[in-house]
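Participant: Each chain is listed here by its residues.
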Amino acid sequence: MKLELRGVTKRFGKFTANDSIDLVIEPGQVHALLGENGAGKSTLMNVIYGLYDPDGGEILLDDAPVNFAGPGDAMAAGIGMVHQHFMLVPVFTVAENVILGFEPTGKSGIINLKEARKRVREISDRFGFNIDPDALVEDLPVGAQQRVEIIKALSRDAKILILDEPTAVLTPQETDELIGIMRQLRDSGTSIVFITHKLREVKAVADKITVIRRGKVVGSADPTATETELASAMVGRSVSLGVEKSPAVPAETRLAVENLTLLSDNGVPLLEGVSFDVASGEILAIAGVQGNGQTELTETILGSHPSAVGSIKLSGKELLGQSIRGVLDSGVGFVPEDRSKDGLIADFSIEENFILDQHDREPYAKGLSLDLAAIEDAANKYIEQFDVRTQSSKALGSQLSGGNQQKVVLARELSRPLQLFIASQPTRGLDVGSIEFIHKRIVAERDHGTAVIIVSTELDEVLALADRIAVMYEGKIIGIVPGNTSRDILGLMMAGLPYDEAQAEADKHTTILAAADEDSDNPIGGAL
Amino acid sequence: MSTATALSPNSKSLEGTILPPISWKGPITYTVIGLIAIFGFGLTVGGGDETNFVLSASSDAIKFGTLVVPSRALSVAIGVLILAIAAFAAYGAAKRIRYGAWLPSLVGVLGIISFLVWSGAGKAESLPIPLLLSQGIIFAVPLAFGAMAGLINERVGIINIAIEGQLLAGAFTGAVVATLTGNPYLALLFAPIAGALVGVLLAFFSIKYKVDQIVVGVVLNVLVIGITGYLFSTVLKNNKGTLNTPPGLSKIEIPILSDIPIIGSVLFNQNILVYLMFAAVILLQFLLFRSRWGLRLRSVGEHPKAADTVGIKVNRTRWINVMIGGAVAGLGGVAFTVMQGIGFGKEMTSGKGYIALAAMILGRWNPNGALAAALLFGFAEALRGTLSIVGTPVPTQFLAMLPYLATIFAVAGLVGKVRAPAAEGKPYEK
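Sequences listed follow chains E and H, in order. Using the numbering used here, read the first sequence as starting at 1 and increasing by one per residue. Using the numbering used here, read the second sequence as starting at 1001 and increasing by one per residue.
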């Protein structure tokens, strides 16, 4: 089926997310939609899928204009979508999720579960997905959940399948499998729209590439274009893909974590005997698939989980058992993974957000009152230093873009003399300019002699920043490896293989992404 | 940093396995109950005292005589049995074996028996067991309907605090309709309409205008109390004979089944509303988990966006089911007036709507569980009445507190993990 967009426009208030976009998706092609975070790719797909009403333009299927009142219409017309945040009900079984809205029932409205399971098994077997129709979705790993989403779309006879940032949550091996599935689907005649900001994946799988920037189509490219060309088309200026970083000069051990163990309320181990150390002037990146204990690890170091046992020594001083205030005062800077929820207070001004952890002391407080002039001066100084794009230091946190919010958080945490700096997902969802800036600041902090821990689920970011990499799997550290370890080995370790086995396995099979690393003009892994 | 140290595996992480902490809550509770049975209920009564139980209702075909048991010996025996169960549970806890709900239920029933034996010890009056049970069911009817209304609403994502008002509206409408027409069965038709209308208001404010659902619910309760109270004082009071003297729902005896000893007359010689309650629970349990309606309803309450992306109209589903829930609660309101053949009285639901919410939570948002919880609360209320007739050493006010204490513990999560529908209380926005 051929899908064509003519002049599609979508506005949210004054903001134009899609500005008269023209696009043609030919049948049996993998069409990549490349663009930065916030460029308007997902909005465009939601318009196609009927979730948003366009403010202008038209959508044509096989040259006939269509008008979708909701996703139901889009699905009936043969459009399927795998959302970036999976649209699965966690407490339902796979079969229930697949049939939802499309239930095999008799006249009575009673669901024919046998038929539902059969639908799942048929598609699962056809593509070798190995999915149990009766498994609860919340018990499945993310890779399997994504396959459930694909089954869901295919069971409705999708002729056009939209995949929105499908690789964001996958290991390189899982990404490889997904690329295989995409090729298989394409060969069986399904058109695929592949939305991403990752250049390597685009080059590996796309037949055609359209680049979107700030809501507009800025051009199309061939998969043979170089990564640098694609990156500059995407960002609108030439970008340096890697992080400029001199080799680390690690000094004495700054942080020593030993046998750290944490149980959840119902007794499931979240951290199990975690031990590692970080030297002064070194970046330790913690890699792993989301939800393998990374969040708990950083929060435990911060002091949010007082029930943890083991030992966390910062320059010889025990942190475990101290209050969060005490930990911060020992010289720990902390950037939480969810900046809008935990990083800053949306209804507070930039000034107030800057002094959240310093409001009760000099120079920002005099006795019981705040020194508003000193706060404003400091805030303006940091706004300039950290290049926060805002009208005024009185602007609210919620009025800033994601990148600028993160810069505010970073400025607050880096404004104190630090011994240890921890950043969780420091650049998730940010635009390239902000990513470059934040990475530079993190490297500068390392060169300043601070011990740095970066938690990231993005292997690109891990490879770009890390001096050493600790891989976490199910609450344990599966191994600690040098910063230049190959993507394949890391991916296998993220799936739970110890280093030796991962190395042996990786030698047998090179993934598409790792192969791309080798011919890339940017071998250490770009930040994009 | 040399490569050798960098590659060192994390050997310390593999020492031993980590086990969840042992939960001693169960065994300790059982031990306390066992000790109370022995020392509180057993050894405090005289050695020669006896307790009389009446086991048959007057209408039963097969009649048993009064059951006479030695009070002290039986309570002590029950206490020892409970202690044995506590030991068994302690062994299980140490081994981290999980037993089902039958263990606490068994201890609860044994504890109640020993309490009853103690209450009636040495009294000339007998404890009428069939009366206790059938009254318990009658008291449970509005709670069960209210709890079902609550769980239909919450499972679709709307918190319904307005059950109280819906019960009251149903009670009022039922009484007036039955009096005007002289037909009590028409109450079963019109009371749900009244409940659904309250549901319409709830849906209108919480779905259309996204007002906080708890606030809307409380306001609606006050509104219905006001309207019914006003109409009662201005109209019903002065025209009692023509507007507020409903005929009652007569008992329908089911042949053969009603002849079963003890439980026959309790379960199978009841009015139609009681049968409707059992039928509604069974039907709802099935439909909720096996029908298209149930699947869509639950998906909207758990992950409305996912439902939207497969073409389910989230707000329409919520509208419809909030009205269905209101109708179910309205039907339950009939239990206050027409079912018992009594007229409407101001604020006569006296907080039963909130207890129904507690039953819903205690029943973990399942119809079967909600019915069990409603029956528990109903029996506790019946027990209070019966014991005040027989005369008991404990002030009945304390007995009246028991189910609510149980509810607080249940709601606080002490009975086990309770998981509410994920999207309840959140208005849906694209």
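Because the hints were derived from the structure by calculation, they are not lab data. Think of the CB as a built atom: it goes at the ideal place given N, C-alpha and C, for glycine as much as any other residue. Treat the hints with care, as some may be off.
[As the list claims (entries may be wrong)] Residues on chain H that point at chain E, a partial pick, calculated with CB under 7 angstroms:
hint : residue
1    : Ala-1093
2    : Ile-1097
3    : Arg-1290
4    : Arg-1292
5    : Trp-1293
6    : Ser-1299
[Said to hold, decoys possible] In the DSSO-like style, the derived pairs of lysine-lysine whose C-alpha atoms are separated by at most 30 angstroms in a straight line are:
hint : chain 1 : residue 1 : chain 2 : residue 2
7    : H       : Lys-1251  : H       : Lys-1237
8    : H       : Lys-1063  : H       : Lys-1123
9    : E       : Lys-118   : H       : Lys-1305
10   : H       : Lys-1305  : E       : Lys-341
11   : H       : Lys-1430  : E       : Lys-14
12   : E       : Lys-381   : E       : Lys-245
13   : H       : Lys-1313  : H       : Lys-1251
14   : E       : Lys-208   : E       : Lys-2
15   : H       : Lys-1430  : E       : Lys-159
16   : E       : Lys-341   : H       : Lys-1208
17   : H       : Lys-1305  : E       : Lys-107
18   : E       : Lys-14    : H       : Lys-1210
19   : H       : Lys-1313  : E       : Lys-2
20   : H       : Lys-1305  : H       : Lys-1123
21   : H       : Lys-1305  : E       : Lys-2
22   : E       : Lys-341   : H       : Lys-1210
23   : H       : Lys-1313  : H       : Lys-1210
24   : E       : Lys-2     : E       : Lys-198
25   : E       : Lys-216   : H       : Lys-1237
26   : E       : Lys-159   : H       : Lys-1305
Participant: Now tell me, hint by hint, if it's right for this structure.
Facilitator: Hints, one by one, checked against the model:
1. Ala-1093: Since chain E brings no Cβ nearer than about 12 angstroms to Ala-1093(H), farther than 7 angstroms, the hint is violated.
2. Ile-1097: With Cβ-Cβ at 14 angstroms, over 7 angstroms, it is violated.
3. Arg-1290: 6 angstroms, holds
4. Arg-1292: The hint holds - Arg-1292(H) has a Cβ within 7 angstroms of chain E, the shortest such distance being about 5 angstroms.
5. Trp-1293: Hint holds; Trp-1293(H) Cβ to chain E Cβ min 6 angstroms, cut 7 angstroms.
6. Ser-1299: 5 angstroms, holds
7. Lys-1251(H) x Lys-1237(H): Holds, at about 28 angstroms.
8. Lys-1063(H) x Lys-1123(H): 22 angstroms, holds
9. Lys-118(E) x Lys-1305(H): 26 angstroms, holds
10. Lys-1305(H) x Lys-341(E): With Cα atoms ~21 angstroms apart, Lys-1305(H) and Lys-341(E) stay inside 30 angstroms; holds.
11. Lys-1430(H) x Lys-14(E): Within the cut-off at roughly 18 angstroms; holds.
12. Lys-381(E) x Lys-245(E): Between Lys-381(E) and Lys-245(E) the Cα gap is close to 26 angstroms, so the pair holds against 30 angstroms.
13. Lys-1313(H) x Lys-1251(H): Violated, at about 43 angstroms.
14. Lys-208(E) x Lys-2(E): 14 angstroms, holds
15. Lys-1430(H) x Lys-159(E): 25 angstroms, holds
16. Lys-341(E) x Lys-1208(H): 27 angstroms, holds
17. Lys-1305(H) x Lys-107(E): This hinted pair holds, its Cα atoms lying about 27 angstroms apart.
18. Lys-14(E) x Lys-1210(H): 24 angstroms, holds
19. Lys-1313(H) x Lys-2(E): 28 angstroms, holds
20. Lys-1305(H) x Lys-1123(H): Violated - the C-alpha atoms of Lys-1123(H) and Lys-1305(H) are around 63 angstroms apart, more than 30 angstroms.
21. Lys-1305(H) x Lys-2(E): Distance of about 27 angstroms is within 30 angstroms: holds.
22. Lys-341(E) x Lys-1210(H): 22 angstroms, holds
23. Lys-1313(H) x Lys-1210(H): Judged against 30 angstroms, a Cα distance of about 17 angstroms means the pair holds.
24. Lys-2(E) x Lys-198(E): 25 angstroms, holds
25. Lys-216(E) x Lys-1237(H): 72 angstroms, violated
26. Lys-159(E) x Lys-1305(H): Satisfied, since the Cα-Cα distance of roughly 23 angstroms is no more than 30 angstroms.
In summary, the structure is inconsistent with hints 1, 2, 13, 20 and 25 from the numbered list given earlier, while agreeing with the others.
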